[in-house]
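Chemist: Here is how the chains run, residue by residue.
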Amino acid sequence: MKALALAWLELRRFRGPLRRYVPLVLVLVPLLYGALYLWSNWDPYGRLRQVPVAVVNADVPVDARGEHLDAGEQFVQQLKATDTFDWHFVDAGEARRGLESGRYYFTVEVPPDFSARLASAAERTPERAALRIVKDDANGYIVGVMADTVKTELQNQVNAAAHATYARALYGELGQAREKLQTASEASKKLVDGTELHKQGTDALTRGLGGVRDGAGQVARGVQTVSDASAQLDQQLGGITDFTAERLPGAVNALVDASGVAVEQLSAIAATTGSLNQRAAEGRTAVEELGAARPELAEDPAYQRAVDLARQLAEAATSADGSAQGALTAAQDAQQRALGLQDEVGPLQEQVRAISGPADTLRAGAAELSGGSDGITHGLSTLVTSSGVLHTGAGQLNDGAKSLQQLVDDTLGKIPPTNPTEVARAAEVLGSPTEIHTENVHPAHVYGRGLAPFFFAIALWVFGLFAYLLLKPVNQRAVADRVNAWTIALAGFLPAAALGVLGGLVLLAVVTFGLGLDPVHPWWTAGLVSLAALAFVAVVHFLRTALGAVGDLLSLVLLIVQLTASGGLYPMETTPVPFQAVHPFLPMSYLVHGLRVTISGGDVQRLLQDVTVLSGTLVVVLLLTTLVVQRQRTWTVARLHPQVEL
Amino acid sequence: MDVDGVSILARGIAAKGPEGVVFSNLDLQVSAGALAVVAGPGGSGRTSLLLALSGRLPLITGYLDVSGYVLPESARVVRKLIRPARVRPGCELEPKHRVKEAIFERRLISRVSAGAVEDALDLVGLDPDRSALVGDLHPADQLLLAVALTIAGGPAGILVDDVDVGLPLAAQSRVWSALHEVARTGTTVLASAAEAPAGDVEIIPLPPRERDWSTDVFDLLEEDAP
Numbered sequence: 001m002k003a004l005a006l007a008w009l010e011l012r013r014f015r016g017p018l019r020r021y022v023p024l025v026l027v028l029v030p031l032l033y034g035a036l037y038l039w040s041n042w043d044p045y046g047r048l049r050q051v052p053v054a055v056v057n058a059d060v061p062v063d064a065r066g067e068h069l070d071a072g073e074q075f076v077q078q079l080k081a082t083d084t085f086d087w088h089f090v091d092a093g094e095a096r097r098g099l100e101s102g103r104y105y106f107t108v109e110v111p112p113d114f115s116a117r118l119a120s121a122a123e124r125t126p127e128r129a130a131l132r133i134v135k136d137d138a139n140g141y142i143v144g145v146m147a148d149t150v151k152t153e154l155q156n157q158v159n160a161a162a163h164a165t166y167a168r169a170l171y172g173e174l175g176q177a178r179e180k181l182q183t184a185s186e187a188s189k190k191l192v193d194g195t196e197l198h199k200q201g202t203d204a205l206t207r208g209l210g211g212v213r214d215g216a217g218q219v220a221r222g223v224q225t226v227s228d229a230s231a232q233l234d235q236q237l238g239g240i241t242d243f244t245a246e247r248l249p250g251a252v253n254a255l256v257d258a259s260g261v262a263v264e265q266l267s268a269i270a271a272t273t274g275s276l277n278q279r280a281a282e283g284r285t286a287v288e289e290l291g292a293a294r295p296e297l298a299e300d301p302a303y304q305r306a307v308d309l310a311r312q313l314a315e316a317a318t319s320a321d322g323s324a325q326g327a328l329t330a331a332q333d334a335q336q337r338a339l340g341l342q343d344e345v346g347p348l349q350e351q352v353r354a355i356s357g358p359a360d361t362l363r364a365g366a367a368e369l370s371g372g373s374d375g376i377t378h379g380l381s382t383l384v385t386s387s388g389v390l391h392t393g394a395g396q397l398n399d400g401a402k403s404l405q406q407l408v409d410d411t412l413g414k415i416p417p418t419n420p421t422e423v424a425r426a427a428e429v430l431g432s433p434t435e436i437h438t439e440n441v442h443p444a445h446v447y448g449r450g451l452a453p454f455f456f457a458i459a460l461w462v463f464g465l466f467a468y469l470l471l472k473p474v475n476q477r478a479v480a481d482r483v484n485a486w487t488i489a490l491a492g493f494l495p496a497a498a499l500g501v502l503g504g505l506v507l508l509a510v511v512t513f514g515l516g517l518d519p520v521h522p523w524w525t526a527g528l529v530s531l532a533a534l535a536f537v538a539v540v541h542f543l544r545t546a547l548g549a550v551g552d553l554l555s556l557v558l559l560i561v562q563l564t565a566s567g568g569l570y571p572m573e574t575t576p577v578p579f580q581a582v583h584p585f586l587p588m589s590y591l592v593h594g595l596r597v598t599i600s601g602g603d604v605q606r607l608l609q610d611v612t613v614l615s616g617t618l619v620v621v622l623l624l625t626t627l628v629v630q631r632q633r634t635w636t637v638a639r640l641h642p643q644v645e646l
Numbered sequence: 001m002d003v004d005g006v007s008i009l010a011r012g013i014a015a016k017g018p019e020g021v022v023f024s025n026l027d028l029q030v031s032a033g034a035l036a037v038v039a040g041p042g043g044s045g046r047t048s049l050l051l052a053l054s055g056r057l058p059l060i061t062g063y064l065d066v067s068g069y070v071l072p073e074s075a076r077v078v079r080k081l082i083r084p085a086r087v088r089p090g091c092e093l094e095p096k097h098r099v100k101e102a103i104f105e106r107r108l109i110s111r112v113s114a115g116a117v118e119d120a121l122d123l124v125g126l127d128p129d130r131s132a133l134v135g136d137l138h139p140a141d142q143l144l145l146a147v148a149l150t151i152a153g154g155p156a157g158i159l160v161d162d163v164d165v166g167l168p169l170a171a172q173s174r175v176w177s178a179l180h181e182v183a184r185t186g187t188t189v190l191a192s193a194a195e196a197p198a199g200d201v202e203i204i205p206l207p208p209r210e211r212d213w214s215t216d217v218f219d220l221l222e223e224d225a226p
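Protein sequences, first through last, are from chains B and F.
For what it's worth, the UniProt record's numbering labels the leading residue of the first sequence as 1, then goes sequentially.
For what it's worth, the UniProt record's numbering labels the leading residue of the second sequence as 1, then goes sequentially.
Because the hints were derived from the structure by calculation, they are not lab data.
Quantities reported herein were computed from a predicted structural model and do not represent experimental measurements.
All clues stand as given, with none of them false.
Keeping only pairs whose Cα atoms sit at most 20 Å apart, straight-line, the calculated SDA-like set for lysine to any residue is: (1) B:K472 - F:F104; (2) B:K472 - F:V134; (3) B:K189 - B:G201; (4) B:K189 - B:G400; (5) B:K2 - F:R107.
Some chain B residues well away from chain F (every beta-carbon gap over 12 Å; in silico): (6) G208; (7) G250; (8) G527; (9) V557.
Note that the Cβ used here is the ideal one computed from N, Cα and C, for glycine as well.
Construct all of the structure, not just a fragment, from the sequences and the given hints.
Modeler: In structure tokens, the structure reads:
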């Protein structure tokens, strides 16, 4: 209570027309520092559309592959459709002058060969189409960084458009290829049918040729037989000729001679037999007359036998005579014929000689025919073999045609059928084949909201600095008297602390309701801001109490160190090692982190850790201040006459 | 309101600051209930001496005894016995406080009653407008207010720095006589002034400082001179 009263008395010092506003001004210090900055930079990336940027389209359209390509104009149209920046479409000279004079923050130039290079993409040696961005850091560095972000975006857009064009061309060609393949498929079907027929034909041909070959073989064999026969004929005709020419006349003559002899001898025989027959007949008559004459004899067996014998003899003699007569007749006839033959031998010889000439011709012809038919057979064999090969080939051809058809059909199946809508869609997908979906677990949404923790922290620290330039850290009258050190420390701390909490809450309220901070945990945020105000004021108070003006300087140094090492702007990992090393020892680090959690959301566990550290800092520093106050009951000459004074 | 004032005995005391020796080889004696005045120009180490005598500034050497309490061992007790009414710099009334606030503050830090404060004001012959700003009071009244507020707690001794600084002669004599009144109650009054007043005053001699040559040149120890 005493501390509160003393703190109140400390604030009562601010009276008078201007001085009375000191506490108010102090309360507004965090607001001035934090809110003004956050206001001015609340959403710079959302207001890029007000940044003037020159666009120069020097592109020359080209006609390639039957299409008119005016990529530069397309690009310009695309830019016009987006309001990323405040685009000014100007000529090159104006752009350069504008950039130099700072009227444009940077320029985007489409070079003359932009379309040509894009068109070359469908050719064998594609070239990269380039866009030129000219920045001027003299117009501000950050805008250059923003230009870099837009560079990527522009590149993506241009790439997407170019890819879409390629894809359309590609799909067009694919469609054509598909048509051709369809034709090829049909043709290959016909080819398969044709080769099927061909295979069957060659099969039949082979079989037919086999038959022909067999027939021809038979013919050849027949011809051979004919030839052989004609040769034999010829030979035999030769024999006959020889015979008729040389031996026949002799033979015939001999025949004639022999028949003459035969006739003579047979005549003699016939005469003999004739007489013999007569005698035999007389002998039988004699016997029979004896029998008739002597009937007793007729009964006699011997006689009978003699009669039979006589009869037989007579008959035999008759027969022999008949035969002899016949033989004689035959011999005579033969002689007659032999004589006739003898007469005919001459003409016969002529005729035989006449026959042997054609037979020779026949033999020669038959021999030639045989040779020829052998040739034919041989040729036919070769032909059959060849047609077998031909058949095999036809089979292979058919198989090949079938695989070809399969292949063509497969390929055809792999080429999607294309229609304009599908092509457009596919071209769009191919234009930007990947999409990155960014998810933010605890989005800050705008730059200002993201950086609010950092600027809140700075604002609160700066408040502490300001506060003890105007407030007295220690009531020396109380130090000289009987008040305990803790009360004095608290009494020196409380006025600034109260104003700091108030200032922090004003800042929070203004940023929340004025700029739309919209913290996820408003009460936690308010509490954390208050706690941080207390802790920061306590630190500055301690330094000021312990070291006077040097303490103020130290607070300023601490502020600067914390600006760099509290991780409020860039991730700590991007800072050099010393900053990372001091990071965990800086109260601002914990406020920045804690406010991130309460404003954007996040790990409450760590928020509690932040709260713990800040509370701990507050308590520890207040105790340290108490110790310092206790020690200050004794003065030093140095403190009486500070070497550095504000 | 009679008080047993402190008596002081010092032998060969010396104090040193960053710029060199402030005073040294100083012998002095102050009786209980006396008005003792350290006279000398600004920057001569008067304030340091007053603080040292009240146990608020460590000595580098010498013997100092306050009512039997030997310093520095008993500095804590001595600080309770001797309270500064005004030490420049270090302990002054807040000029932007109203008189009533100054009184309120004193009642807080010295735990004294309103009546004690009124008695003290009576003693020094002061009846300021309670709503007036301390800074608006006459410098002599400001000094007397500080003295009154300090003696309200009944200390055995008080420190009054720069008694005559910036005061016209008439006011000086008023202040001195008021301080005499305080001393008469038994309270030992240790004062510093450019010039010692006439009358019943114990003068504390302040020997010239044994300064280094260098501190002569770089002497920043200018005491608050008007």
